[in-house]
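Can you build the whole structure from these sequences, using the hints too?
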Amino acid sequence: VVAVGGNALQRRGERLTIENMLKAAAEMAPTIAKLAEQHEVVLTHGNGPQVGELALERSAATFDVLGAESMGQIGYVLAQALASVGCKSAPILTQVVVDPSSEAFRNPTKFVGPVYGAKEATALAESLGWVVKPDGEYFRRVVPSPPPLEILQVEAVRTLLENSPDILPIACGGGGIPVARVPSNPLTLQGVEAVIDKDRCGAKLAMDLEADGFIILTDGGGIWKDFGKPTAREMALATPEYLLGTKAGKSFPGSMGPKIEAAIEFVENSNKKGVWAAIGDLRDADKISDNTEGTIIREDIEGGVVWREVKPNLQDGPPKLSKAPHKSG
31 VVAVGGNALQ RRGERLTIEN MLKAAAEMAP TIAKLAEQHE VVLTHGNGPQ VGELALERSA
91 ATFDVLGAES MGQIGYVLAQ ALASVGCKSA PILTQVVVDP SSEAFRNPTK FVGPVYGAKE
151 ATALAESLGW VVKPDGEYFR RVVPSPPPLE ILQVEAVRTL LENSPDILPI ACGGGGIPVA
211 RVPSNPLTLQ GVEAVIDKDR CGAKLAMDLE ADGFIILTDG GGIWKDFGKP TAREMALATP
271 EYLLGTKAGK SFPGSMGPKI EAAIEFVENS NKKGVWAAIG DLRDADKISD NTEGTIIRED
331 IEGGVVWREV KPNLQDGPPK LSKAPHKSG
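FYI, the numbering for the sequence shown is 31 to 359, going by the working numbering.
Derived by calculation from the structure, the hints in this document are not laboratory data. In this text, all values refer to a predicted model and were calculated from it rather than measured experimentally. All residues carry an ideal CB built from backbone N, CA and C; glycine is no exception. You may find that some hints are simply not true.
Below, in silico cross-link-like pairs of lysine-lysine (DSS-like), each with a Cα-Cα straight-line distance of 30 Å or less [claimed, not checked]:
1) 255 / 303
2) 53 / 118
3) 302 / 118
4) 163 / 149
5) 317 / 53
6) 259 / 163
7) 255 / 163
8) 277 / 317
9) 64 / 53
10) 302 / 64
11) 64 / 118
12) 277 / 163
13) 303 / 317
14) 302 / 277
15) 255 / 317
16) 317 / 302
17) 317 / 259
18) 277 / 255
19) 64 / 303
20) 259 / 277
21) 277 / 303
22) 317 / 64
23) 118 / 317
Pairwise CB distance ranges, derived in the manner of DEER restraints [claimed, not checked]:
24) 260 / 195: 43 to 51 Å
25) 116 / 167: 40 to 48 Å
26) 48 / 339: 37 to 45 Å
27) 188 / 113: 17 to 25 Å
28) 272 / 116: 38 to 46 Å
Here you go:
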């Protein structure tokens with residue numbers, strides 16, 4: 031299972047338009063297609079920028095409806111781009127059951143939409159009833175992000191994998207459409223005002239499909255210690271125990287933190303033995319599974335961590351922290 035952020039379709043500094051999304055998808059498609067040639071792949075994607083933009087345009091719409099719209103929008107863009115490089119795909123509108131009494135509804139954490147300055151964010155929060163929180167030097171709207179409990183269309187994904195191996199399923203876009211079962215009639219579903227984290231849903235999808243691996247693609251490489259500092263170094267391999275013990279990613283709760291949590295969740299809770307998760311740069315997607323790039327998380331690593339050697343041509347030093355918030359979604 032391969033997860034790409036919604037920001038992969040929004041290049042930094044560009045407006046979020048269909049034209050720009052199509053251009054970004056066209057750049058990404060060869061990398062995903064190459065990965066699909068080497069492995070049996072299921073693709074999932076984020077929708078943070080897109081669903082936030084839709085919410086601005088249609089303030090009366092609920093987030094389950096907006097999530098479905100963004101899933102269709104992004105699924106179309108990805109399918110068109112993949113087809114242009116000879117990779118057939120099938121976007122699947124995916125509903126995901128959540129618990130409406132989850133603690134997540136009392137503490138919204140999922141960033142959606144554009145960034146704002148402090149004054150503008152305060153004004154929007156007061157006028158529209160939003161909850162806003164800091165994201166780097168800026169502010170963004172946050173909405174509840176409950177954990178995924180059940181992926182309703184997982185059998186459709188499994189059927190495609192088993193009977194049409196030349197078709198790449200695209201599922202659980204934006205974390206899926208959040209729904210809840212009506213207590214008096216559990217067969218009846220109703221939409222929920224939330225946005226599920228796409229990496230947590232990707233981990234759930236990977237577990238349900240008994241996948242060998244779960245890859246989370248970012249715009250900043252693997253997992254780093256002292257990110258943005260002269261002492262920065264990247265992990266090549268790490269165990270869940272090491273990552274939990276060192277609180278890796280906790281300094282970036284809106285970006286890298288949830289990705290590390292999702293990777294750990296898959297490795298620790300999968301019923302399949304020997305599974306692994308990985309976090310790495312989108313541009314290095316075909317080099318991550320053999321650990322040439324990125325960070326692989328698995329149980330059987332002596333000492334808990336292996337550090338990647340600094341590349342001789344890395345003349346600019348370690349990655350620098352951007353003033354803009356880290357983009358993931």
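Which hints from the list above does the structure break, by number from lowest to highest? No hint contradicted; all consistent.
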